[in-house]
Amino acid sequence: MAAGSAGLKDATAVVGIGQTPFAKHLPEDERTLACRAVLAALDDAGIAPGEVDALASYTMEETDEVELAKACGFGDLTFFSKVGFGGGGSCATVAHLAAAVASGQASVGVAWRSRKRGSGPRPWTNTTVQLPTPAQWTRPFGLLRPVDEIAMLARRYLHEYGATRDHLFNVALACRNRAKQNPDAIMYDRPLTREMYMTSRWISEPLCLFDNCLETDGALACVVVSAERARDCRRKPVYVHSTAQSLPAQHHGMVNYWNDDPLTGPAWSAARHLWKHADLTPEDVDVAQIYDAFTPLVLLSLEGYGFCGRGEGGAFTEGGALETGGMLPLNTGGGGLSEAYVHGFNLITEGVKQLRGTSTAQVPGASTCLITAGEGVPTSALLLRS
Amino acid sequence: MLRPVTDTAGAPFWTYAAQGELRVQACADCGELRFPPRPCCPHCQSFTTDWRRMSGQGRVWSYVVAHPPLLPDYAALAPYNVVLVELDEAPRIRLVGNLVAEPGAAIGSLPAERLRIGTRVRVVFDDGLPRWVPERS
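Sequence order for the protein chains is A and B. FYI, in my numbering the residues of the first sequence are 136 to 521. FYI, in my numbering the residues of the second sequence are 183 to 319.
If you're looking for bench data, these hints aren't it; they were derived computationally from the structure. Please note: incorrect hints may appear among the correct ones.
Stated by the list, open to error - With the C-beta cut set under 7 Å, the calculated list includes, among others, these residues of chain B facing chain A:
#, residue
1, L215
2, F217
3, R220
4, A248
Quick reminder that beta carbons are idealized off the backbone N, C-alpha and C, glycines included.
So that you can see chain B by itself, here it is in the shape it has in the complex (with noise of 0.2 Å):
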């Protein structure tokens, strides 16, 4: 499986996420959140950054279900699903995952039938990435 290769400005994100926490890039000035990180913000160009925690909390904006070809790796857990998730915190910002029957299930553990735009959905960790998992009601 594919791991991320950061760069300086998203290397953060990753190092949150391996202790568990989703945090999103904001502007130390104007506090404006931006996604993807960048050097500086596009709303009142300041180099000066915080990176704020998140609820994990969001909304599925929209799915798909890979099917082959793909990369091996990804083809022996094929279909699966890849989800776009908005926080509740950011509407806009919305995170590429994967929603999963549980914590540290595969991707491709939940029935396609279950994947719905608009499902609400809160964030679990595994191995340093976040994954998605349905709220329940």
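Looking at chain A on its own, in the form it has when it is part of the complex (with noise of 0.2 Å):
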């Protein structure tokens, strides 16, 4: 039987993981940045670069497959594709190498971001590329930004279900914590109180700006093959258990705003195909990496990918929910937040850590690692495990 009529489960893993510092400015360019974390990924898994034949990333991603191949000295490639949404494509990367691999496509894949987006100018500031549609509906009248835009979500998010900054503040905190463990962290050594998030300034009511990620430059890169390749490969290999995206019926990126419910999003729809695809249920996840670029995110993922009910996500952080030893330690490396934001990449590479046991806030024993995207955006997620 032919591995793609049996599907993705366990039939590919990530065995190579690589990335440069994190900074808000390095000097070097994003293309060598990209041939870094992407040299160092596939040294961490022991196969040299000529073997590479499948390519995966953003359609952000300004490094391109050629590029990257001249200058990494890359085979023959018989698979590459791209990803769109910006952060909702980052486990969408890992999970079309995984379909390549599966089906035969090819044998070695990376995927890889790299962005200079510490250093480097704000999207929302280049009004010639967002004014076109659907811009037209909201920048005119000031909605000009990304937290602007999920600031309305959050607002309608607290209304209805009772939720309070607090709750959000949980979020903060919690990937503030794990970035204190891991030096690689931008905020390794920024403590966080609930004195300075009640304090801080605002961003867009009610996101103040500890509610918003960082601005990083770093690049970062995973290497896929078949599992039966991972078992002669340098690190023990972490399986691709379950994958999924998602573009639901009637949704609108970052404004979902003209449908029946824009408060359950991508995720939902995400789960559900990742669940029905798994040997596991939102019980079995021991540490799990949640899109984190604005903390209202965080709530609503709890809830789209089962953890909690519907309105549920906020009680949901409370008594130390999120923190180690908590019910789902969330983002250990820090995510977004507070280790480095390069749209969920570093989220993909945490994972794989925790499942090898060498994280810098290591879950005991961790086994199963749920990995998300965006929410709020057509998403994709990963059930990884040892």
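Hints in hand, dock the two standalone chains.
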């Protein structure tokens, strides 16, 4: 039976991860950073660059396949794909490689993201790119930035469910506490207190400075091969157990204002597919890396992926649930809020570290990890197991 | 300030707005309203469209208050609100706009403490853009 007809479950594994330093400003350009992260991931796996025959990244990635392949010395590529919708595509890069490898289209896949978002321009300030549809319905009225678009949903969320800013703070705090254990994290030596959070400046009410992710320069990569090949690699394999992409009916990315229920976004339909193809349930997840460009996305994702009921995401965060030893340790490298914001790719590599047992905030005995891409945009998710 | 950069499907909305009319695209065959405008009806796949006039009344579904960093023209008016108004005729159509103190007033003219989810509002027009004012009760 062909691997493709057996589905993707555990058919492939992540065998290498690599990253550059993270900083507000790195001197090297994005292409150089991409090459460094990719070569580090291949070295981690013990696979020669000439064996790479598949690539996957984001449509927003500016180092293209040709440049990467020529610089790193890849072989003949037989599969390459790019996923849209910004941070919604993070997990889908690995999912596409898993599908390509499991169906025999390629044997060694590399996914990567390199971005100078720390020292480069903020995308929303480029109005020539931002103004075509659907921006005509939002930008003239001053809804300019991603934070404004998500704050609109966050305000309604707080109103409808009785959640509070303390619940958003719980998310920011858990991420910051894990960053304090991770020397690679940008916020490694910057503790956060409730008073700092509650008195920080507004960005888009009801969201304050600490509800927003970092602005980071950095690059990351990972290597995907078949489960069979993975057994011969340098590191313990981390299996791709289940994957999902999701663009729900009548969804509108970032400004999901124009359907019956804006507060149930892509996480819900991604979750249906993810769990349907898994041997696991949300209760079996030992640790989660949930996309955190903005704190309210985590509350929505906790609901969408089935860790709690609709409207219960805020309450779920109480009592240290997201901290080490809590019900669901969250973003154990510090996440986009406190480690680095590289469109969620550091959440993927952190998930792999947890299942190898090498995280700086290791969950004892972790054998399953959920990783999610951006909620509020067409999204993707990965369920990894050791 | 940014002006709407429109497309084929959306252009009639702005043409009507310039005439002081709030109109939403509707399917000429099955009658379903839809927003944002698009080439065909997601319910019956018809390419025949109407632009149906709305009462201009609705309720605030949500709102934000924007603070810098912002584009310079907007930073000068900050903090200002951006509201999402659900239309009486079609609650799932929610228009992004600004709640202002009175017709012609600048965004940011309404004190933030007067903003509430559920506030009843009506449309006014200012230089071709729909704005919203609190409905007198």
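Against the structure, the hints come out as follows:
no.: 1; hint: L215; verdict: violated, 11 Å
no.: 2; hint: F217; verdict: holds, 5 Å
no.: 3; hint: R220; verdict: violated, 9 Å
no.: 4; hint: A248; verdict: holds, 5 Å
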